[in-house]
Each structure stands twice: as structure tokens, then as C-alpha cells.
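As given, the protein sequences belong to chains A and B, one line each in that order. Using the numbering used here, the first residue of the first sequence is number 1, and each one after it goes up by one. Using the numbering used here, the first residue of the second sequence is number 1, and each one after it goes up by one.
None of these hints come from the bench; they were simulated from the model.
Copies of the same chain are indistinguishable here, so a pair counts whether it falls within one copy or spans any two.
30 Å max Cα-Cα, derived DSBU-like pairs, lysine-lysine:
id: 1; residue 1: Lys-200; residue 2: Lys-225
id: 2; residue 1: Lys-47; residue 2: Lys-231
id: 3; residue 1: Lys-36; residue 2: Lys-191
id: 4; residue 1: Lys-225; residue 2: Lys-133
Protein chains: 2
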Amino acid sequence: MQRITSKENKLIKKISKFNTKKYRDLQDEFIVEGIKMVKEAILENAKIKNIVISEDFNSDISNLENYDLAMVPQKIFSLISNVSTPQGILAVAEKQTKNKINFDDDIVLVLDDVQDPGNVGTILRIADSIGLKQIIVSNKTADCYNPKVIRSTMGAIFRVQIIESEDLKQTLEELKSHDFKTVVTTPSTQKNIYDINYIKKAIIVGNEANGVSQDIMDISDEKVKIPMPGKAESLNVSVATGIVLYEYVRQKR
Amino acid sequence: MQRITSKENKLIKKISKFNTKKYRDLQDEFIVEGIKMVKEAILENAKIKNIVISEDFNSDISNLENYDLAMVPQKIFSLISNVSTPQGILAVAEKQTKNKINFDDDIVLVLDDVQDPGNVGTILRIADSIGLKQIIVSNKTADCYNPKVIRSTMGAIFRVQIIESEDLKQTLEELKSHDFKTVVTTPSTQKNIYDINYIKKAIIVGNEANGVSQDIMDISDEKVKIPMPGKAESLNVSVATGIVLYEYVRQKR
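Let the hints inform the model, and build the full structure from the sequences given.
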């Protein structure tokens with residue numbers, strides 16, 4: 001185990017830079033923080049480059065010595081931590097972003113410019129809970145490797161492959177050519193989510209304020225809405241995603 | 001319209017105190033911030049005590065002059081605002097907390113110590129979306145009049161009555177005596193949410209970390225789980241609430 005005492009240390013300086021998407025993309029790595037999340041990373045065999053612990057860290061995580069481990073004073077840990085009350089452990093992990101879609105699944109979930117990191121993380125957690133192994137995200141969707149997203153995934157980030165689409169329209173055309181129908185969730189339709197089946201469907205959920213973008217709407221095969229008997233016009237996008245995906249689970253039982 | 005120039009002004013000092021639950025309880029009032037939320041408050045005939053706008057506020061909200069309106073310099077508005085980029089408008093509104101449960105509904109939603117304000121707000125929004133007019137919250141649930149809750153309700157706070165229960169066990173007994181069955185959502189059961197009906201049911205959702213408390217679990221008539229085919233063991237509580245409540249909507253169609 002390495003002992004680091006200066007904030008000018010190379011590793012500390014490197015870790016400090018991970019707050020920007022640009023640097024995460026450049027390195028193809030991201031930060032995993034907290035006991036539960038580092039445990040998940042180990043359990044799921046994520047490629048861990050470094051683990052950094054604070055001097056006062058004393059939880060029981062076994063086999064930490066198998067990793068490139070560094071210990072830093074509490075003060076330095078606070079500097080590199082992304083949370084207000086740090087648990088004293090973080091790791092640098094390799095991204096597992098893929099470019100190729102697996103076309104064998106019943107359903108493929110597609111995020112069209114979902115902007116809130118908390119929503120993106122919660123949606124990854126939902127996808128993981130129903131056993132999806134991949135998710136397609138438009139390039140304006142919040143970066144899945146943003147520390148806030150990582151936190152709210154509760155470990156799903158290590159199990160669900162992120163497929164970043166540079167051109168969502170083209171990606172959807174590719175799905176169509178592999179026998180998928182594209183389904184857009186939007187309030188402006190008469191068809192309910194309960195009235196369609198979910199076999200070979202690409203389900204597209206949209207931006208918090210504006211919904212699914214018009215050009216994606218234009219090429220969609222089906223539009224469905226969640227019927228809301230009350231007065232609210234919309235639901236939080238992660239809640240809506242949960243309702244639609246669990247309708248698939250219900251039908252599949 | 002009153003013009004306020006000093007932060008020592010009585011109204012400004014009063015508004016600054018609304019960050020604590022204690023003061024909100026004492027006054028039986030709360031703060032509504034932002035254009036959309038103040039519009040909702042007006043639309044839903046919330047009892048508005050004061051409206052405060054910043055000097056640079058220039059959105060088109062009609063009939064503001066019908067209210068006790070005050071204008072303050074931008075600097076003072078930032079002091080009383082609860083958000084990082086204020087829209088320059090907030091209102092002091094009267095709470096509409098009720099003590100009496102309406103026993104005529106099919107379902108009653110009960111929150112047992114849901115702690116995150118964002119989750120509580122999102123759940124209120126879901127309740128509103130299916131037309132529920134009331135929600136029962138335990139006294140350890142995040143205060144529904146917390147500014148963060150208000151924001152995430154998207155207006156639902158003006159349509160859904162908050163019933164604060166001092167003794168949740170007793171409240172559930174009361175529901176039972178009015179022919180309700182109590183249904184707890186928990187992963188530790190075999191019965192699925194799809195296998196029960198939702199007529200005369202009190203649906204109880206629990207704390208983010210610990211779920212529904214044991215003493216509530218002990219007196220529940222039914223336990224149901226959301227079947228998760230994937231690896232994640234749990235869902236965000238607001239997502240889970242959405243899935244259960246929309247199963248009720250689906251059955252009711």
C-alpha cells in the first residue's frame with residue numbers, strides 16, 4: 001500500500017480531474033465512491049485501476065490489498081471526494097462502454113436527452129432490476145459516468161452496458177432493421193401502455209421538460225401514454241420508465 | 001404593492017425562517033417558489049398570504065395585484081430564495097393539512113418514514129396523477145412542506161391533502177375498522193403486486209434504507225413485492241410506488 005501525503009501527488013491530481021465528462025472520456029475511466037459502491041465494483045469484477053482510502057477508513061472490505069491501494073490523510077480525501085460526508089473510500093474504474101447493440105433482447109431501452117443525473121441513475125437501476133444488460137443513451141443525455149449518476153445506480157452501472165449513440169435516429173433505424181419496433185412514450189396519443197405488447201420493442205423515454213424530440217417522434221412506429229386519471233399532466237421520467245418496463249414484466253410472467 | 005429595501009424588514013425576516021419545519025408548523029404556512037409553482041398555487045386557489053417578487057422579475061403572471069405583493073432588490077431575493085438560480089418570485093401560502101381521513105376512496109397511500117424530500121415530492125406527484133386527494137404520512141417522513149418536496153411535487157401539494165399521523169399503527173387500525181386491508185410493499189414475500197386487487201386497500205411504502213418498519217409489517221393484512229427478474233434487489237421508493245399505484249390504475253380500467 002502506497003501512502004500519499006501531498007495533494008500534489010500525481011494520483012491525487014488525476015482523481016481531481018474526473019469531475020468533467022471530458023476527462024472521463026479521455027481516460028475511459030470513472031470514479032466509484034463509497035463502501036457499498038466499491039464493494040459492488042469488486043463483486044462485479046469491474047476493472048479497478050486504483051483504490052484510495054482515507055486514514056480513518058475502517059470498514060471491512062476484504063482483499064483490498066489485491067488492488068493498487070493508496071492511503072491519504074482525511075484532509076486530502078475530502079478534497080477528492082464528491083460527497084459532503086465521505087465514507088473514506090473511492091476507486092478509479094475502467095468504463096465498459098460498448099458500441100455494439102445486442103439485438104437478441106425482447107426490449108431495448110433508449111434515453112433521448114434525459115438530463116438529470118439522478119433520473120439517469122435511477123433509470124439504470126430500473127433497467128438492471130428487470131435484467132436488461134444494455135441501455136442506449138443519446139449524446140445529450142446526462143453522462144452515465146457522472147458521480148451523481150453512479151451513486152443513484154446502486155451498482156447497476158457495473159451490470160448494464162452503456163451504449164452511447166452519436167446519432168439516435170440512425171441507431172433507431174439500425175434497431176428497426178433488426179426487427180424492432182420503436183415505441184415512444186408521450187402524453188399526446190390515445191394508445192395506453194397496457195394496450196401494446198413488449199416483444200421486440202425499443203422503448204424511448206425523453207427529456208424531463210420537452211419529452212421525446214420531434215425527429216425521433218416522427219420515425220416512431222408506436223406512441224403510447226401512461227393513462228393518468230388525476231390532474232397531474234406528467235410523471236417524473238424515472239417513475240414513468242419504471243411503470244412502462246414493469247408492464248413488460250407483468251405481461252411476460 | 002409594497003417596496004422593501006431592507007433585509008431587516010419584518011416580512012423578509014419572517015420568510016427567512018421558513019427553512020425549518022418547526023417554524024412552518026408554528027405558522028401553519030410554507031413557501032412556494034418559482035413561476036410555475038406560484039401559478040399552480042393561484043390556479044388551485046391556495047390561500048396565499050404574501051407574494052414577493054424580485055426587481056428584475058418580468059414574467060406574465062396575471063392578477064398578481066390581487067395579492068399582498070412586495071418587491072425587493074435582487075440581492076434580498078437571493079437571501080430568501082431556496083434555489084441557486086432564483087426565478088424572482090415566491091409566495092407564502094397556508095398549509096392545508098387535514099387530520100381526518102376520507103374513507104370513501106378505493107385506495108389510501110401511506111408513507112412510513114420516507115426520508116428523502118425528493119422522493120416524497122415525487123410520490124405526491126404520482127398520487128396526484130392517479131387522482132388521489134389524500135396521502136397519509138408518518139411523523140418521521142420528510143416534511144411535505146420542505147421547499148425541496150414542494151418543488152418536486154410540481155403542484156400536487158395544492159391538490160393532495162397531507163394527513164400527518166402521529167401514531168401510524170393507530171391510523172392503520174382506524175383504516176382497518178373502515179374496511180380497509182393494509183398492504184405492505186416488501187421484497188420479503190412471495191406474493192406479487194399483480195396477484196392482488198386494489199379495492200379498499202391501504203398501501204404502505206417504507207423508508208429508503210430499511211423499508212416498512214417491523215411493527216407496521218406485523219399488523220399488515222397482506223405483503224406484496226414487485227417481482228424483479230434482474231439482479232438489483234430493490235428500486236427507488238418513488239419508482240416502486242409508481243409501479244404499484246399504476247397496477248391499480250391498470251386493474252381499474
